[in-house]
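Line by line, the protein sequences are chains Y and L.
Per my numbering, the very first residue in the first sequence carries number 1; after that it's consecutive.
Per my numbering, the very first residue in the second sequence carries number 1; after that it's consecutive.
Just so you know, the hints here were simulated from the structure itself, not pulled from any lab data.
Every residue gets a Cβ at the ideal spot worked out from N, C-alpha and C, and that includes glycine.
Treat the hints loosely; a few may be bogus.
[Stated by the list, open to error] Far from chain Y by the CB rule (all over 10 Å, computed), these chain L residues:
hint	residue
1	P8
2	L22
3	D62
4	S67
[Stated by the list, open to error] Quick look at which bits of chain Y chain L covers, simulated, 3 or more residues with Cβ under 8 Å:
hint	region
5	40–53
6	89–96
7	105–111
Residues per chain are reported as follows:
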Amino acid sequence: AQSVAQPEDQVNVAEGNPLTVKCTYSVSGNPYLFWYVQYPNRGLQFLLKYITGDNLVKGSYGFEAEFNKSQTSFHLKKPSALVSDSALYFCAVISQRAGANNLFFGTGTRLTVIP
Amino acid sequence: NAGVTQTPKFRVLKTGQSMTLLCAQDMNHEYMYWYRQDPGMGLRLIHYSVGEGTTAKGEVPDGYNVSRLKKQNFLLGLESAAPSQTSVYFCASSHPQGANEQFFGPGTRLTVL
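Starting from the given sequences, assemble the full structure and let the hints guide the process.
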């Protein structure tokens, strides 16, 4: 069975400080991993994905994520947070064996960047 | 490109009423999805389609029906709305392979009284 855990409902960080939003996953076989961001009253927007290869993935708006197979984690990071990064972040996973309809989402982490 | 669009943006129904949500995409994607988003529960897949004329059940299909008569459109129907169907509904589309990201519409906020 596939699942995604985002252990923190809320993350607060001061503007200019580094941020981390945590994600761990469980999947049969090798995973495809995704991060999406949702701004208020908007749909989800794709940030980045891990397919294969380099464990450090770079995405939109200066975000990056590190795939760690031994810890089954895919934490989202940014070196210097902006107030405009405040949003709801979702991690998602799909087994490479599964069809595209089997994307599982975490429950989301609300990031607040404090000026 | 408009991407993925959804109509309506908001709707209030009374229990027992029916309605249809429309999703349209202009990216020539084969796959389309309907999700619902509830507080603290992330997104849950209602139904999906892997191509024109085909539909399949997702994680939470009860109380909903769908149709994909044209490749670019995916309709979600509520035959007899219930308060438990109060939610935000998102449509998404993608190319077939699981490695491809999904593109989401702006959502429809539905309240069932």
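Going through the hints against the structure:
no., hint, verdict
1, P8, "14 Å, holds"
2, L22, "15 Å, holds"
3, D62, "17 Å, holds"
4, S67, "17 Å, holds"
5, 40–53, "holds (count 8)"
6, 89–96, "holds (count 4)"
7, 105–111, "holds (count 4)"
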